[in-house]
Every structure is written in structure tokens, then in C-alpha cells.
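Protein chains: 2
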Amino acid sequence: ASDDGEGGRASPLRVDSDSLQRQIDELASFSDSPAPSVTRVLYSDKDVQARRYIKGIMKQLGLSVREDAVGNIFGRWVGSEAELGAVATGSHVDAIPFSGKYDGVVGVLGALEAISVLQRSGFQPKRSLEVIMFTSEEPTRFGISCLGSRLMAGSEELVQSLKRTVDNHNVSFVDAADSAGYKIHPEDLHNVFLNQDAYFAFIELHIEQGPILEKEGIPIGIVTAIAAPASIKVEFEGNGGHAGAVLMPARNDAGLAAAELALAVEKHVLESGSIDTVGTVGILQLHPGAINSIPSKSHLEIDVRDIDEKRRNDVIEKVHKSAIDISKTRRVDLLEFKIINQDPPALSDKSVINAMEFAAKQLGLEYKLMISRAYHDSLFMARISPMGMIFIPCYKGYSHKPEEYASQEDMANGVQMLALTMAKLSLE
Amino acid sequence: ASDDGEGGRASPLRVDSDSLQRQIDELASFSDSPAPSVTRVLYSDKDVQARRYIKGIMKQLGLSVREDAVGNIFGRWVGSEAELGAVATGSHVDAIPFSGKYDGVVGVLGALEAISVLQRSGFQPKRSLEVIMFTSEEPTRFGISCLGSRLMAGSEELVQSLKRTVDNHNVSFVDAADSAGYKIHPEDLHNVFLNQDAYFAFIELHIEQGPILEKEGIPIGIVTAIAAPASIKVEFEGNGGHAGAVLMPARNDAGLAAAELALAVEKHVLESGSIDTVGTVGILQLHPGAINSIPSKSHLEIDVRDIDEKRRNDVIEKVHKSAIDISKTRRVDLLEFKIINQDPPALSDKSVINAMEFAAKQLGLEYKLMISRAYHDSLFMARISPMGMIFIPCYKGYSHKPEEYASQEDMANGVQMLALTMAKLSLE
Ligand SMILES: [Mn+2]
Ligand SMILES: [Mn+2]
Ligand SMILES: [Mn+2]
Ligand SMILES: [Mn+2]
Numbered sequence: 001a002s003d004d005g006e007g008g009r010a011s012p013l014r015v016d017s018d019s020l021q022r023q024i025d026e027l028a029s030f031s032d033s034p035a036p037s038v039t040r041v042l043y044s045d046k047d048v049q050a051r052r053y054i055k056g057i058m059k060q061l062g063l064s065v066r067e068d069a070v071g072n073i074f075g076r077w078v079g080s081e082a083e084l085g086a087v088a089t090g091s092h093v094d095a096i097p098f099s100g101k102y103d104g105v106v107g108v109l110g111a112l113e114a115i116s117v118l119q120r121s122g123f124q125p126k127r128s129l130e131v132i133m134f135t136s137e138e139p140t141r142f143g144i145s146c147l148g149s150r151l152m153a154g155s156e157e158l159v160q161s162l163k164r165t166v167d168n169h170n171v172s173f174v175d176a177a178d179s180a181g182y183k184i185h186p187e188d189l190h191n192v193f194l195n196q197d198a199y200f201a202f203i204e205l206h207i208e209q210g211p212i213l214e215k216e217g218i219p220i221g222i223v224t225a226i227a228a229p230a231s232i233k234v235e236f237e238g239n240g241g242h243a244g245a246v247l248m249p250a251r252n253d254a255g256l257a258a259a260e261l262a263l264a265v266e267k268h269v270l271e272s273g274s275i276d277t278v279g280t281v282g283i284l285q286l287h288p289g290a291i292n293s294i295p296s297k298s299h300l301e302i303d304v305r306d307i308d309e310k311r312r313n314d315v316i317e318k319v320h321k322s323a324i325d326i327s328k329t330r331r332v333d334l335l336e337f338k339i340i341n342q343d344p345p346a347l348s349d350k351s352v353i354n355a356m357e358f359a360a361k362q363l364g365l366e367y368k369l370m371i372s373r374a375y376h377d378s379l380f381m382a383r384i385s386p387m388g389m390i391f392i393p394c395y396k397g398y399s400h401k402p403e404e405y406a407s408q409e410d411m412a413n414g415v416q417m418l419a420l421t422m423a424k425l426s427l428e
Numbered sequence: 001a002s003d004d005g006e007g008g009r010a011s012p013l014r015v016d017s018d019s020l021q022r023q024i025d026e027l028a029s030f031s032d033s034p035a036p037s038v039t040r041v042l043y044s045d046k047d048v049q050a051r052r053y054i055k056g057i058m059k060q061l062g063l064s065v066r067e068d069a070v071g072n073i074f075g076r077w078v079g080s081e082a083e084l085g086a087v088a089t090g091s092h093v094d095a096i097p098f099s100g101k102y103d104g105v106v107g108v109l110g111a112l113e114a115i116s117v118l119q120r121s122g123f124q125p126k127r128s129l130e131v132i133m134f135t136s137e138e139p140t141r142f143g144i145s146c147l148g149s150r151l152m153a154g155s156e157e158l159v160q161s162l163k164r165t166v167d168n169h170n171v172s173f174v175d176a177a178d179s180a181g182y183k184i185h186p187e188d189l190h191n192v193f194l195n196q197d198a199y200f201a202f203i204e205l206h207i208e209q210g211p212i213l214e215k216e217g218i219p220i221g222i223v224t225a226i227a228a229p230a231s232i233k234v235e236f237e238g239n240g241g242h243a244g245a246v247l248m249p250a251r252n253d254a255g256l257a258a259a260e261l262a263l264a265v266e267k268h269v270l271e272s273g274s275i276d277t278v279g280t281v282g283i284l285q286l287h288p289g290a291i292n293s294i295p296s297k298s299h300l301e302i303d304v305r306d307i308d309e310k311r312r313n314d315v316i317e318k319v320h321k322s323a324i325d326i327s328k329t330r331r332v333d334l335l336e337f338k339i340i341n342q343d344p345p346a347l348s349d350k351s352v353i354n355a356m357e358f359a360a361k362q363l364g365l366e367y368k369l370m371i372s373r374a375y376h377d378s379l380f381m382a383r384i385s386p387m388g389m390i391f392i393p394c395y396k397g398y399s400h401k402p403e404e405y406a407s408q409e410d411m412a413n414g415v416q417m418l419a420l421t422m423a424k425l426s427l428e
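Chains as they are written, first to last, in the working numbering: chain A, 1 to 428; chain B, 1 to 428.
Hints were generated in silico from the structure; no laboratory data involved. There's no promise every hint is true.
As the list claims (entries may be wrong) - Calculated pairs, BS3-like style, for lysine-lysine (alpha carbon to alpha carbon, straight line, at most 27 Å):
hint, chain 1, residue 1, chain 2, residue 2
1, B, Lys-368, A, Lys-267
2, B, Lys-424, A, Lys-321
3, B, Lys-267, B, Lys-328
4, B, Lys-321, B, Lys-233
5, A, Lys-396, B, Lys-328
6, B, Lys-328, B, Lys-233
7, A, Lys-328, A, Lys-338
8, B, Lys-267, A, Lys-267
9, B, Lys-361, B, Lys-126
10, B, Lys-350, B, Lys-361
11, A, Lys-338, A, Lys-318
12, B, Lys-163, B, Lys-233
13, A, Lys-59, A, Lys-338
14, A, Lys-328, B, Lys-328
15, B, Lys-59, B, Lys-183
16, B, Lys-368, B, Lys-310
17, B, Lys-163, B, Lys-338
18, A, Lys-338, A, Lys-267
19, A, Lys-328, B, Lys-396
20, B, Lys-267, A, Lys-318
21, B, Lys-318, B, Lys-215
22, B, Lys-318, A, Lys-215
23, A, Lys-350, A, Lys-368
24, B, Lys-328, A, Lys-267
25, A, Lys-318, A, Lys-233
26, B, Lys-321, A, Lys-267
27, A, Lys-338, A, Lys-215
28, A, Lys-126, A, Lys-350
29, A, Lys-424, A, Lys-55
30, B, Lys-215, A, Lys-328
31, B, Lys-233, B, Lys-267
32, A, Lys-424, A, Lys-126
33, A, Lys-310, A, Lys-338
To be verified - Going by beta-carbon spacing under 7 Å, a handful of chain B positions derived as facing chain A:
hint, residue
34, Leu-256
35, Ala-259
36, Ala-262
37, Ile-316
38, His-320
39, His-400
Backbone N, C-alpha and C define an ideal beta-carbon position, used for all residues, glycine too.
When you get a sec, could you build the whole thing from the sequences and use the hints?
Here is the structure:
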């Protein structure tokens, strides 16, 4: 039974991991791509179904439920000293195209199970406990990652850009929200901002999305810092033309410029010399996209991350220089080289790390202090609250694809860790 | 007036080039992308509108109109010796996404104007004259170029593949044809085949799609051979994963494999040492296509052409070897390397070249004997009929993009050439 800690010590925190697995599987059925893949994009019908599902569980647990203007969902178990800052947890349930069912979801359904565990154990919170389902952690639809938490953390820049943001089908953010049942008036967006004293602590439970815990056989990761992500959009333009008729010396092929830049991203990342630097070209599109047409335009989206902000920014500068060089050599125009976001890294708070280490020891769970290379809503929650994260192992480190998997035992350990950490902080 | 040949000799063949331009502009309005671009894909609503428009002009000219099972449209001016093989001309009106309004269209509307010119001049054909609008010269929808002419030329292989071919939205060829009003029974496809004696000659009028005639100031090109096209589909597959969490040494990025192969195509083409070898990656798609996901799959479509079949096939072999090498180096699977078509080049028939040269001299038009580097329905008509092609200059050699342009004067010269060549062959 997964509710027995290692070392044979019985714990009063009995996780119903079968129920948790059932909920994960049920949520995965709200998908726009066939199982085992999951596709759940912001404000789509499936996203709306998932939101209804999460609110349903919150209500079953007797939590008081509220939603803000953009659809961040809050379920609160009011503590005996309700005027104190709450202890919050949460994650996301949106899923990029053809991904898996654990990313984000473990941190939402697992958090609700942690509340349920505490309720069943007879625990009475002093500080209120709150579960948050964040809107659009993934950048899929509007190119903005951690939309909900970024806004909660008070980004005025985001308020302004949301007023004019459109998706790839030219649907505005406001219209998309409306179709999901959120009627947004421009002044509402500021109401999403949270005060610095709203939360005493924020803890996110998440699969590692990397192979380390599984490889080392350690059940729990305690995150000390979140790597700093940056994303860049690039557009090249050339003359295009007929694939048969335009001879090679007369070409300025925007597609080959994009191919060169993609390989240059890899080269500059590897040249950083650090294992912690990663760079990815996840999007590369050609226009017009016909076999007998030389590409006249290309569009790339590049993701660069590091735990060292300066080293990451050096890579971005080199990629920019390569884009300029390629545009000269291939006589294509560099129409755009736009840094969409370039966030600083975040450190976990010592007080939250202490609480997590205390919980791990209480539960007899071995743990590893580690870095999060993927970013999370916690990156933005750290701006307004002491923050910490709990990682659990996942199969081969797979994430963002259908093979993503975490065992019931590992999830139960994570839920126990989260429950005990929250309980401890609630009483401080 | 464009109906005066060079050298000041008056000609009885008076081309109404304003009317021709009006028709070209009107046809361009049937498009799924905004002007000045044209997008007209096989069996789409716009394609159906264009078909109706062409049949309308044929009927106005008193031609007897027939359509075959896949929608090749024939308008015949019956000659005094109707039992003889006819003299045919024609081209296509389908247009790849975001292309221009002259490719193909000049050879259909120009052919109808040539018929009109001959009618107005009082000419009486002995052999029947026939204008053909071919179905789907462009491979856009089903990946099959020159679908209509390839089938007319008797490809049993194409009959079999059309029964199971689907487009990118999984719509079958048969269902797509049905939606455009062509109900195809499998046995009908063989009825599209034409006999070897159906035509005494076939001549296609087309913009050059290259810069030579414009640069040299020569109004007419007489095509002696059509370069041999080949097209290839390639799929790579890797493990994908999260763009933040999977470290660089653990990656096998299918997108970077595609980028390397695209650059390898260019390298092998340039290494052939011949100006006549061209290679293009017009399609490069990544899956899942999210900024924070390492591509787990990539799909490329490659076009390689040459006037020398062996040299072209050598390039294809080298590209295949590169694909295998890249898959090994990057530890991705080469799921597919499929040669979709690998057609032999075609030579124009001496008798048709003679008739075209005679017409040019009669009209006082300077001409150049040249190669067609783009392929055309003529490539397949050459399998069942003596074939020839007439080229006219186009602006900067542009084609397959909105800037594609041919002057009214150059089109009028082309129409006169076509009319006189057909008239001469009709009386042989
Ligand atoms: Mn994710
Ligand atoms: Mn996540
Ligand atoms: Mn074309
Ligand atoms: Mn054409």
C-alpha cells in the first residue's frame, strides 16, 4: 500500500491512489487528440469540460470556489484564522498538442487529493489551504506561457498585450475567453493581480519531466531553483519561386535559412559548455508550403533555457548574430527577431524548503535537492509568495508526449509530501 | 497593337488581348487567398467555379464540350475531316497556395482566344482543334502532379493509387471528386485513358517561369525538351520530449535531422556541377509543433529536377545516403524515404517544332529553342502524341507567387503563335 512510508513507519496520511488514477484517466478523456495522447488547449471545449470537472471535485470536498476574470480557479478550505495569508498549491490542466496526462494534472488532482487526505485525517487548518488551477500554463494558443500566474503576479505588460493578442486563427484573447464563458472587460484584468500578502506560501507538486529521480531511485525531489526560460520568434523572407524554373544561384530560399538557424541554435547551446543550457526549435513553418515552390517565408520559434541567466542571454545573442549572418549569406530578409519573453530564474524560499525537508523526513522518504529545468507557474508565484516545488519521478523523464507516465506509488508519495508540507505551514 | 508582328508585317490573326486580360483577372477572383495571390486547389469550391467559367467560354465559342471521369475538360471545334486525329492544346487552371494568375491559365484562356482568333479570321479546320483543361496539374491536394494528363496517358499505376489516395484531411480522392460533382466508379478511371491516335499533335502555351526570354528580349521560346522531375517524401522520428527538461546529450531531435537533410539536398545539387540540376525542400513539417516540445517527428517533401535523368537520379541517391547517415548520427528513425515519382524527361516532336518555327517566321517573331525546367501536362501528353510547347516571357522569371506577370503583348504573341501552329497542323 502506497500510504506506508519507507522504513515501515505507518502514516496517518492515507492517499487513495486508485481514486487519483481514476480522476487522471477521466480528465485525460477530455482531449482533442486520440488516447493515449492528450490535447487540451486554452478555452477550447475540452478545456471548458476539464474546468467543470475540477470545480466539481472542489465542491465535493466542500471547498469554497472562486474564478477570476481569465479563469484561474481557486478552491479554498477556510482555516480557523482566515485573516492570515493562506497556504496555496496548484498547477495546470491545459496540455500541448499530442502530449500526456500527468504534466500539470498531478499538481491539480494531487493537490485536491492532499486536501482530501488531510480532511480524512481529521486535520484542522489554521491558515486557510487553497488549491489553484492556473489558466494556460502552456503557451500553445496565444504564445504566452504561464498566462494565469504571470497575470496574478501583477504583469501590467501582460494586461496591455492581452487586449490585442490573437491566436493563429485570428481569434482574439477576449473573444476566446468569451467562448469559454469568461466575459472579460478590460478593467477586469487588473483584478486578477494578487497582493504580496495573499499567500504565506505556495507549493507546486509536479512530475520531474527529467530522468534523474528515476535513474537514481529517489522518490522525491525538492526544487531549490527554476531555470530561466526565454522564447524567440524569427521570420525570414526571400523571393520564393518555382522549384523547377529558378536555378540554384538565383535562389534566396527562406526555408534553408531557417534550417541553418535551427542548427545554429544547437551549435551555440552546445558551445556554452554547460550541461544546463538547452535550446530547441519546436516550431518551423514554411510558406507557401508546396513541394514545387521554393519557400518564400519561414517562421521559427526558439526556446532557450538555463539555470544561469547570463549564460542563457549569451546564447540568445549568438543566435541573433547567426540569424543576421544567415540573412546576409543567403540574401534573405530577417523580417523579425523578437524576444517574446526572457524571464529571470526563481529561487525557492528557505522556509518552504525547510517545511518540505521536514515532511520528507517525517514520511521517511529519501529526497534530492534539485533544479527545475522546465518552468512552471511557480516561477511567477515566486514573485508574490515564498515558493517551493515537489518533484516525483516519471518514466524515462518523458514529458510532452503520450508516453509520459508516473506510477501510483510515486504520486501517492508526492501527495503525502504536499499534504504534510501544507499542514505544517498552515499551523505556522 | 499587339497583333502586328515584328518587322511591320500585318497579320490576319487579331488577338483581343484586352478580353484575354479581363478573363485572366476574372478567373483569378476564384481564389481561396486574397488578391493578388491565387489559391485554387483541386475540387475545391473555387476550382468548381473556375471549371464552370471555362466551360462557359467553350460553349460561347460553339465548341462541343465533354468532361471525363476525373474532370479533364475538352472543347472541340470539329474539323471537316472529323475522323482524323485532332490537333490539341491546353493547360491547367489549378493554382498552388498563394501563387499567381498566369501559370497554366495563359495556356487555357490563351488557347480559347486562339480558337476565337481563328474563327474570326474565317479559318476552317480540316483536323479538329481541341482545347483541354487538365485536372490537377499541381500536386497540392493529393501529392500527384499532372493527375489528369498522367491518367490520359494511360497510367495503370495511377488508377490503382487513386482508389486509395487521401488528402491531408483524410478525404479520399473519390469523395473529393464527388463533392465537385464527379461521381467516379472505379471502372470509370480506365475510360480516361486516350488512344495513341487520338491526337495528331499536342501544343501547350505557357509562361516561361524562368528569366531567360525576358533577359534576352526574345518574345517566343520553342521548347525542345522538358526536364525530368522527381519527388520524394521523408519522415524522421525521435523521442521528442520537454524542451526544458531533456538535456542536449539525451536528445534525438527529428526537427534538426530534417534541417540537416534540407541543407544536404542543396549541397548534393550544387555538387552535381551542372546549372541544370535543381533541388528544393518546399515542405518541412514538425510534430507536435509546439515551442516547448522537442520535435518527435518531421516530414519533408523534396523536389529534384534535371534535364539529364541519370544526373538527377545520382542526386536522389546521395540524398538517400544522407538521410540514412543523419538518422544514424542523430539516433532518429528514418521511417520513410519514398520516391513518389521519378518521371523520365520528354522531347518535343520534330514535326511540331517545325510547325512552331514556321509560325514564328510567318509572324516575324524572334524565337529561341530552349529547355523547360518546369514540367507540364505536356510531359505526359508526349507519351501519347507528338508534343511541343510555346513559351512567352514573364516578369523576372517569377512563378508560383503573387508577383507572377506576363504582359498583354507577350500573351498576344503567344496566342498568335499557338493559333498559327494549330492551323498549320490542322491542314496536314
Ligand atoms: Mn507542460
Ligand atoms: Mn507543467
Ligand atoms: Mn505550376
Ligand atoms: Mn503550369
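Checked hints:
1. At roughly 49 Å between alpha-carbon atoms, Lys-368 (chain B) and Lys-267 (chain A) are farther apart than 27 Å, so this suggested pair is violated.
2. Our distance criterion of 27 Å between C-alpha atoms is broken by Lys-424 (chain B) and Lys-321 (chain A), whose separation comes to about 62 Å.
3. Our distance criterion of 27 Å between C-alpha atoms is met by Lys-267 (chain B) and Lys-328 (chain B), whose separation comes to about 19 Å.
4. For the hint pairing Lys-321 (chain B) with Lys-233 (chain B), the CA-to-CA distance comes to about 14 Å; that is within 27 Å, so the pair holds.
5. Restraint check: the Cα-Cα separation between Lys-396 (chain A) and Lys-328 (chain B) comes to about 22 Å, which is no more than 27 Å; the hinted pair holds.
6. Proposed proximity of Lys-328 (chain B) and Lys-233 (chain B) is supported: the alpha carbons are some 19 Å apart, at most 27 Å.
7. A threshold of 27 Å between alpha carbons decides the hint, and for Lys-328 (chain A) with Lys-338 (chain A) the separation of about 18 Å falls inside it, so the pair holds.
8. Using a Cα cut-off of 27 Å, the hinted pair Lys-267 (chain B) and Lys-267 (chain A) holds, with the two alpha carbons roughly 20 Å apart.
9. Of the pairs offered as hints, the one joining Lys-361 (chain B) and Lys-126 (chain B) holds, with about 23 Å between alpha carbons and a cut-off of 27 Å not exceeded.
10. At roughly 16 Å between alpha-carbon atoms, Lys-350 (chain B) and Lys-361 (chain B) fall within 27 Å of each other, so this suggested pair holds.
11. As the CA atoms of Lys-338 (chain A) and Lys-318 (chain A) are separated by approximately 14 Å, the hinted pair is consistent with the 27 Å bound.
12. Taken as a hint, the Lys-163 (chain B) and Lys-233 (chain B) pair is honoured in the structure, with Cα atoms around 20 Å apart against an allowance of 27 Å.
13. This hinted pair does not check out: Lys-59 (chain A) and Lys-338 (chain A) have alpha carbons roughly 43 Å apart, beyond 27 Å.
14. The hinted pair formed by Lys-328 (chain A) and Lys-328 (chain B) fails the criterion: a straight-line CA distance of about 32 Å is larger than 27 Å.
15. With a C-alpha separation of about 23 Å, the suggested pair Lys-59 (chain B) and Lys-183 (chain B) falls inside the 27 Å cut-off, and the hint holds.
16. Between Lys-368 (chain B) and Lys-310 (chain B), the direct Cα distance comes to roughly 26 Å. Compliance with the 27 Å bound is thereby established for this hinted pair.
17. Proposed proximity of Lys-163 (chain B) and Lys-338 (chain B) is supported: the alpha carbons are some 19 Å apart, at most 27 Å.
18. Pair hint Lys-338 (chain A) plus Lys-267 (chain A) holds up; C-alpha atoms about 20 Å apart against a cutoff of 27 Å.
19. Between Lys-328 (chain A) and Lys-396 (chain B), the direct Cα distance comes to roughly 22 Å. Compliance with the 27 Å bound is thereby established for this hinted pair.
20. Under the criterion of a C-alpha separation no larger than 27 Å, the hint pairing Lys-267 (chain B) with Lys-318 (chain A) is consistent with the structure, at around 25 Å.
21. Distance restraint check for Lys-318 (chain B) and Lys-215 (chain B): the Cα-Cα separation of roughly 34 Å exceeds the 27 Å cut-off, and the hinted pair is therefore not satisfied.
22. Distance hint between Lys-318 (chain B) and Lys-215 (chain A) is unfulfilled; the C-alpha atoms sit about 40 Å from each other, more than 27 Å.
23. For the suggested pair Lys-350 (chain A) and Lys-368 (chain A), the alpha carbons sit about 15 Å apart, so the restraint of at most 27 Å is met.
24. Distance restraint check for Lys-328 (chain B) and Lys-267 (chain A): the Cα-Cα separation of roughly 19 Å lies within the 27 Å cut-off, and the hinted pair is therefore satisfied.
25. Restraint check: the Cα-Cα separation between Lys-318 (chain A) and Lys-233 (chain A) comes to about 15 Å, which is no more than 27 Å; the hinted pair holds.
26. The hinted pair formed by Lys-321 (chain B) and Lys-267 (chain A) meets the criterion: a straight-line CA distance of about 23 Å does not exceed 27 Å.
27. A distance of roughly 38 Å separates the Cα atoms of Lys-338 (chain A) and Lys-215 (chain A); the hinted pair therefore is violated under the 27 Å criterion.
28. As the CA atoms of Lys-126 (chain A) and Lys-350 (chain A) are separated by approximately 21 Å, the hinted pair is consistent with the 27 Å bound.
29. A distance of roughly 26 Å separates the Cα atoms of Lys-424 (chain A) and Lys-55 (chain A); the hinted pair therefore holds under the 27 Å criterion.
30. Proposed proximity of Lys-215 (chain B) and Lys-328 (chain A) is supported: the alpha carbons are some 26 Å apart, at most 27 Å.
31. For the hint linking Lys-233 (chain B) to Lys-267 (chain B), the alpha-carbon distance of about 18 Å falls within 27 Å, and the restraint holds.
32. Between the alpha carbons of Lys-424 (chain A) and Lys-126 (chain A) the distance comes to roughly 10 Å, so the proposed pair stays at or under 27 Å and holds.
33. With a C-alpha separation of about 18 Å, the suggested pairing of Lys-310 (chain A) with Lys-338 (chain A) holds against the 27 Å cut-off.
34. The restraint placing Leu-256 (chain B) at the interface with chain A holds, with a minimum CB-CB distance near 6 Å, inside the 7 Å limit.
35. With a least beta-carbon distance of about 4 Å to chain A, the hint placing Ala-259 (chain B) at the interface is held under the 7 Å criterion.
36. Taken as an interface hint, Ala-262 (chain B) checks out: its beta carbon lies about 4 Å from the nearest beta carbon of chain A, inside 7 Å.
37. At its closest, the beta carbon of Ile-316 (chain B) sits 14 Å from a beta carbon of chain A; the interface hint therefore is violated under the 7 Å criterion.
38. Taking 7 Å as the C-beta cut-off, the interface hint given for His-320 (chain B) is violated, the closest approach to chain A being about 17 Å.
39. Taking 7 Å as the C-beta contact cut-off toward chain A, the hint placing His-400 (chain B) at the interface holds, the least distance being around 5 Å.
Hints 1, 2, 13, 14, 21, 22, 27, 37, 38, counting from the list given before, are not met by this structure.
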